[in-house]
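Chains A and B supply the protein sequences, listed in that same order. The first sequence lines up with residues 426 to 537 when you count with my numbering. The second sequence lines up with residues 4 to 116 when you count with my numbering.
Interface residues of chain A toward chain B, partial, derived using beta-carbon atoms under 10 Å:
1) Gln431
2) Cys516
3) Thr525
4) Gln526
5) Tyr527
The calculated DSBU-like cross-link candidates involving lysine-lysine, where the alpha carbons are at most 35 Å apart (straight line), are:
6) B:Lys73 <-> A:Lys466
7) A:Lys461 <-> B:Lys29
8) B:Lys73 <-> A:Lys461
9) A:Lys466 <-> B:Lys59
10) B:Lys29 <-> A:Lys466
11) A:Lys447 <-> A:Lys465
12) B:Lys29 <-> A:Lys496
13) A:Lys469 <-> B:Lys72
No lab work stands behind these hints: they were computed from the structure. Note that the structure is a prediction, hence the values are computed from the model and not measured. By construction, the Cβ of each residue, glycine as well, lies at the ideal position given by its N, Cα and C atoms.
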Amino acid sequence: DTAVSQTPKYLVTQMGNDKSIKCEQNLGHDTMYWYKQDSKKFLKIMFSYNNKELIINETVPNRFSPKSPDKAHLNLHINSLELGDSAVYFCASSQETLDTQYFGPGTRLTVL
Amino acid sequence: SQQGEEDPQALSIQEGENATMNCSYKTSINNLQWYRQNSGRGLVHLILIRSNEREKHSGRLRVTLDTSKKSSSLLITASRAADTASYFCATDAIDTGRRALTFGSGTRLQVQP
Numbered sequence: 426d427t428a429v430s431q432t433p434k435y436l437v438t439q440m441g442n443d444k445s446i447k448c449e450q451n452l453g454h455d456t457m458y459w460y461k462q463d464s465k466k467f468l469k470i471m472f473s474y475n476n477k478e479l480i481i482n483e484t485v486p487n488r489f490s491p492k493s494p495d496k497a498h499l500n501l502h503i504n505s506l507e508l509g510d511s512a513v514y515f516c517a518s519s520q521e522t523l524d525t526q527y528f529g530p531g532t533r534l535t536v537l
Numbered sequence: 004s005q006q007g008e009e010d011p012q013a014l015s016i017q018e019g020e021n022a023t024m025n026c027s028y029k030t031s032i033n034n035l036q037w038y039r040q041n042s043g044r045g046l047v048h049l050i051l052i053r054s055n056e057r058e059k060h061s062g063r064l065r066v067t068l069d070t071s072k073k074s075s076s077l078l079i080t081a082s083r084a085a086d087t088a089s090y091f092c093a094t095d096a097i098d099t100g101r102r103a104l105t106f107g108s109g110t111r112l113q114v115q116p
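Excised from the complex, chain B in its bound form:
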């Protein structure tokens, strides 16, 4: 399976609710990034968390990282219809020496107004 897999694949919630997406990866990393992709658009960087960090906040976004479990979560609080998008995690697999980020398959979030 892929380095960086999001769970769930799809999520539908009501406006105002919180949305949680998870990402699992396989190799050691220096950092993990989360991106958002609106329909028909390119990916937009949301937040980067380093391997020595456990939690990071940016506005309504909260990202956690558990390197022992090789997993990260993205929490969007008080969701809005405008948060409807696909969310991707991306990792740098330092064990492989590969000089590229690996993106997961994404979580499609639908926020119902």
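Only chain A is shown next, with the shape it has when bound in the complex:
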């Protein structure tokens, strides 16, 4: 069984569009994250949720809005997509905020 899953795996879209990426974890973890990995492989945290409560929002444009309907899900909605949003987005989860993290397979977003 997949521990952390995210959909879609690939997303190609035009500038200005709105898109969503979904994430689900079946590990029973309390904390979930969204990371952005750029073309140089640098991994930067965007958001962190603990028990559905937002605990980290790392200077991300407000075009990005996370939503956690329950502990097992953390979705990422992006409005008015820009070229610079092209990257791989990873969802991850952990029991506590600084514990071992389990990553999803990533969503490669390409904005044309």
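Assemble the complex: chain A is given as a structure, and chain B must be docked to it using the hints.
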């Protein structure tokens, strides 16, 4: 520069050789973690070493931590082609109170068969 910087950025070795990657960080930590990322995949946790530990082993992996130098190393012994991946260190910067791990920029390891 970033909390958690790996060195070298890229490493190419022959199968059977050992690979050593280093990580330097800036603030005090409770623990340091190493992750592996295969091409096109998510990161996978390899090993966690606590600030009161100096060395830890897991299979062919050996991690050392020197808190006085704020550095850690990951040694992969008898490397295999399947070890080809990017390796990242991650730290919890306890001085900042930030409730998130900070990942370095990674070392890309290529193991030639």
